[in-house]
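**Student:** Kindly produce the complete structure, drawing on both the sequences and the hints.
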Amino acid sequence: MNDVTPTREQRTAALEGLGCKRKRVEDIRFTQGKGNYVDDVTLPGMLHGDFVRSPHAHARVKSINSEEAMKVPGVLAVITAETLKTVNLAWMPTLAGDVQMVLADGKVLFQNQEVAFVVATDRYAADDGVSKVVVEYEPLPPLIDPFKSMAPDAPVLREDLAGKTSGAHGPRKHHNHIFEWTVGDKELTDAAFKKADVTIKELISYHRTHPSPLETCQCVCSFDKVKAELTIWGTFQAPHVIRTVVSLIAKLPEQKIHVISPDIGGGFGNKVGAYPGYICAAVASIVTGKPVKWVEDRIENLTATSFARDYHMTTEIAATKDGRVMGLRVHVLADHGAFDACADPSKWPAGFFNIVTGSYDFPVAHLTVDGVYTNKAPGGVAYRCSFRVTEAAYCIERAMDILAQKLGMDPAELRLKNFIRREQFPYHSALGWEYDSGDYHAAMRKMMEVTDYAALRKEQASRRAAFKRGETREIMGLGVSFFTEIVGAGPSKNCDILGIAMFDSCEIRMHPTGAGIARMGTKSQGQGHETTWAQIIASEIGIPADNIMVEEGNTDTAPYGLGTYGSRSTPVAGAAIAMAARKIKAKAQMIAAYKLEVHEDDLEWDIDGFRVKGLPEKFMSMKDICWAAYNSVPPGMEPGLEAVSYYDPPNMTYPFGAYLCVMDIDVDTGVYKIRRFYALDDCGTRINPMIIEGQVHGGLTEAFAIAMGQEIRYDDGGNVVTGSFMDFFMPTAVETPHWETDFTVTPSPHHPIGAKGVGESPNVGGVPAFSNAVNDAFSFLGSTHIQMPHDYWRNWQAAKNLGAVAA
Amino acid sequence: MAKTRISMKVNGTEVEGLVEPRTLLVHFIRENLQLTGTHIGCETTHCGACTVDIEGMSVKSCTMFAVQADGSEITTIEGMANADGSLSPLQEGFRMMHGLQCGYCTPGMIMRAHRLLKENPAPTEEEIRQGIAGNICRCTGYQNIVKAIQYAAAKLNGVEFKEAAE
Chain Y
1 MNDVTPTREQ RTAALEGLGC KRKRVEDIRF TQGKGNYVDD VTLPGMLHGD
51 FVRSPHAHAR VKSINSEEAM KVPGVLAVIT AETLKTVNLA WMPTLAGDVQ
101 MVLADGKVLF QNQEVAFVVA TDRYAADDGV SKVVVEYEPL PPLIDPFKSM
151 APDAPVLRED LAGKTSGAHG PRKHHNHIFE WTVGDKELTD AAFKKADVTI
201 KELISYHRTH PSPLETCQCV CSFDKVKAEL TIWGTFQAPH VIRTVVSLIA
251 KLPEQKIHVI SPDIGGGFGN KVGAYPGYIC AAVASIVTGK PVKWVEDRIE
301 NLTATSFARD YHMTTEIAAT KDGRVMGLRV HVLADHGAFD ACADPSKWPA
351 GFFNIVTGSY DFPVAHLTVD GVYTNKAPGG VAYRCSFRVT EAAYCIERAM
401 DILAQKLGMD PAELRLKNFI RREQFPYHSA LGWEYDSGDY HAAMRKMMEV
451 TDYAALRKEQ ASRRAAFKRG ETREIMGLGV SFFTEIVGAG PSKNCDILGI
501 AMFDSCEIRM HPTGAGIARM GTKSQGQGHE TTWAQIIASE IGIPADNIMV
551 EEGNTDTAPY GLGTYGSRST PVAGAAIAMA ARKIKAKAQM IAAYKLEVHE
601 DDLEWDIDGF RVKGLPEKFM SMKDICWAAY NSVPPGMEPG LEAVSYYDPP
651 NMTYPFGAYL CVMDIDVDTG VYKIRRFYAL DDCGTRINPM IIEGQVHGGL
701 TEAFAIAMGQ EIRYDDGGNV VTGSFMDFFM PTAVETPHWE TDFTVTPSPH
751 HPIGAKGVGE SPNVGGVPAF SNAVNDAFSF LGSTHIQMPH DYWRNWQAAK
801 NLGAVAA
Chain F
1 MAKTRISMKV NGTEVEGLVE PRTLLVHFIR ENLQLTGTHI GCETTHCGAC
51 TVDIEGMSVK SCTMFAVQAD GSEITTIEGM ANADGSLSPL QEGFRMMHGL
101 QCGYCTPGMI MRAHRLLKEN PAPTEEEIRQ GIAGNICRCT GYQNIVKAIQ
151 YAAAKLNGVE FKEAAE
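Residue numbers (this note's numbering), protein chains in the order written: chain Y, 1 to 807; chain F, 1 to 166.
So these bits of chain F aren't anywhere near chain Y, every CB distance computed over 12 Å:
#, residue
1, THR4
2, LYS9
3, SER72
4, GLU160
Some chain Y residues judged to face chain F by a derived CB distance under 7 Å, without partners named:
#, residue
5, PHE30
6, THR31
7, ASP40
8, ASP297
9, GLY526
10, HIS697
11, PHE725
12, ALA733
13, THR736
Derived, one-sided and incomplete: chain F residues facing chain Y with beta-carbon distance under 8 Å:
#, residue
14, GLU20
15, THR36
16, CYS42
17, CYS47
18, ALA49
19, LEU87
20, GLN91
21, ARG95
22, CYS102
23, TYR104
24, CYS105
25, ARG138
26, GLN143
27, VAL146
The set of hints was computed from the structure by calculation and includes no laboratory data. Model, not experiment: these values are computed from the prediction. Cβ atoms here follow ideal geometry from the backbone N, Cα and C, with glycine treated the same way.
**Tutor:** Right under this line is the structure:
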């Protein structure tokens with residue numbers, strides 16, 4: 001025999017489990033163009049739907065005439081609100097407890113709102129049909145500025161809400177008011193401000209932007225009249241939720257709805273909600289008896305489905321003169337557009353914005369959020385962040401810099417002085433959260449050391465002096481950001497969507513040959529779940545990751561899950577995987593004990609199997625146990641080896657990180673250069689470092705885009721002026737900076753494998769780092785706060801306003 | 001609308017079809033030829049997801065009519081694997097360097113990189129970044145795409161690939 005017994009290291013490496021930079025399973029098909037995305041789904045006789053959309057931001061719809069459209073060759077139907085009323089679907093409920101028009105019912109409330117749905121034999125004919133539908137509008141005054149929403153004479157947007165003095169989240173103060181949400185202790189906070197040596201107050205706005213994944217929202221709906229079953233292929237981040245929503249609003253039995261999310265070309269929060277296109281395609285399929293495809297184009301995507309942010313945050317901090325924070329007061333004016341279609345857990349109208357105390361030990365805080373209607377597209381999705389966490393992180397991180405400036409302190413020093421200390425965890429924040437774990441000082445100090453922060457500040461000082469002497473026209477900014485995220489929604493005690501608790505799930509079924517399949521309630525949109533989920537199982541039960549197939553996105557086969565968004569997959573589903581694997585392992589131990597003829601307690605786990613304590617030669621591998629599970633289980637035990645776990649997390653997880661952006665800005669042109677960007681992330685246990693780094697690169701690039709130019713902007717008439725990739729900033733490889741990544745590891749104490757989630761951290765922490773860099777660059781010229789996005793033109797404007805450039 | 005007969009060579013195979021004069025090449029490729037690896041991301045020539053190789057040039061097939069491609073020779077992502085079905089150096093590079101996440105931009109990105117390496121077999125990082133500036137990726141931040149292309153260039157040039165330090 002030539003066999004060499006593999007070492008423990010070799011056996012561990014063969015599993016490609018936790019911590020392994022395992023290459024992705026998905027890439028084999030994606031690099032060959034063999035992915036299967038929704039628009040790749042073609043069914044016999046399939047029809048195509050396309051929308052007639054409103055050119056007006058606010059108008060009464062006087063009439064819709066589809067006579068000419070119906071004469072277009074290939075056009076089979078034109079669906080309007082009147083058609084939808086016959087099946088009670090002209091309006092649909094939103095995830096936020098509001099209702100939304102599926103097709104314009106008497107009025108349009110934002111530009112590009114869906115007015116009619118033309119169904120034709122191909123996409124060209126549908127488009128021809130759209131151009132022939134004649135809609136008569138009576139324009140009404142548009143309401144675009146959220147600060148004017150609650151003016152006494154503001155136009156009434158939502159006539160359907162006339163007389164309703166309360167909504168899903170309590171009383172309404174005005175006809176354009178949606179909700180007021182209050183957290184914290186007002187009296188104690190007011191008292192802290194009275195006692196404070198120093199206070200700051202600033203309106204910090206986070207502009208409206210859009211997730212804009214490269215694949216737009218789309219679906220194929222196929223209704224089988226004989227079986228009365230509806231199958232929907234769609235770009236859904238949460239397929240089970242879509243199934244339940246469709247069942248509830250279309251009154252179809254849930255077992256007769258099959259929702260399939262095939263490969264998804266990026267989501268970033270855009271693909272959580274239910275959109276009119278899905279409803280119209282489903283109704284069109286029921287009406288015509290044929291499958292109907294709806295594919296959004298890019299302009300539709302940017303202007304009609306799910307904007308993000310649009311938070312206007314008046315922020316105040318009270319502090320002592322030596323820089324200790326005493327209280328935080330924030331009022332948010334939240335622009336929700338025409339319908340409140342935010343994709344938040346149902347009881348959270350402003351998401352988890354109450355994480356706004358950030359990484360700092362604020363003794364008291366008080367927060368109010370007013371949501372208002374405007375004539376803009378609905379949405380308010382979590383664009384690569386847990387619900388409203390990026391707004392909160394931007395708010396506090398900008399405010400801490402403003403405070404540092406007022407105190408004449410270094411922003412990093414101010415943060416170090418006020419961080420929650422390691423020994424304070426689990427930490428109860430003034431606004432009600434229990435932070436699970438962290439070592440903020442260590443992360444911050446590592447960032448300062450690696451980047452040689454002190455030397456950068458010295459360089460900045462000498463360059464400022466040179467600028468003042470007229471020797472250079474370039475200014476230098478250091479953007480410090482230290483964020484704490486709150487992800488992994490969430491515990492059933494406070495998180496649900498339409499009454500369904502926000503658990504997640506995993507079902508593992510092992511096959512006789514030592515292979516297996518894991519089915520999940522989550523749905524990857526590029527996160528690489530097929531790769532990483534198998535790694536968790538590999539480490540838990542000692543079967544190589546290559547032998548585990550991961551399946552997601554089919555509601556008929558997957559256990560019910562709440563889907564992938566808000567960095568919840570690893571904290572919630574990742575835990576479900578470990579728990580299901582542990583059930584497998586527990587049964588495996590009983591089988592091994594029986595086969596090795598010892599008591600279970602006499603066995604110990606050893607990488608890929610069980611060993612009898614003290615008798616190293618008596619070993620049974622997991623692979624052999626899988627075989628035994630199908631032919632020789634202990635008497636009385638059921639054969640087979642499978643388990644399912646529905647995991648209700650006991651708490652959220654709180655990833656954190658320390659970022660630094662070094663930027664130079666030419667005051668005469670506003671052109672900036674990102675000289676260096678360093679990102680230290682602590683996401684607890686690291687499952688696949690290669691994928692984590694990839695997530696950080698991608699999230700930072702989106703943060704860069706948002707902070708430096710990416711905006712959904714409306715003119716005074718309510719026209720979207722950034723409705724294509726020509727005007728909506730999409731960084732290419734040329735503009736995108738080089739990213740430096742680093743990490744510390746502080747495991748979550750309540751997660752089975754200690755993982756916290758990472759996908760959204762770089763967006764949450766990145767935006768304030770960029771914005772603080774710009775603001776830091778200009779601060780010595782006398783500015784305290786410059787609003788995002790910081791594109792060249794706005795930088796030049798800022799320089800001009802500060803007198804650095806001749807007007 | 002009246003249809004026109006067109007023929008072309010796609011991935012080495014002669015194909016033909018009937019199209020309207022307004023039919024976009026990307027729709028002809030995806031729907032008539034059922035080669036769905038070529039994607040549509042913006043329909044305004046900005047994102048590059050629809051990039052194919054036509055007569056030795058990178059072309060965004062969402063902004064070309066199918067009739068304009070009549071008689072030409074086209075390579076799509078489906079024609080990129082090695083003859084034995086294994087991953088080509090570029091495809092392998094994207095996998096090894098984690099140059100993709102959702103995979104939606106990947107076919108266009110690989111097609112553009114393929115032509116870039118024909119134009120410039122040993123590009124610098126700066127030349128790669130400029131060379132793929134017509135292709136948008138929303139997931140990766142490009143850093144690993146640059147490495148993937150460097151990996152493929154090294155392999156095609158028969159030299160050892162050295163990954164740059166972070």
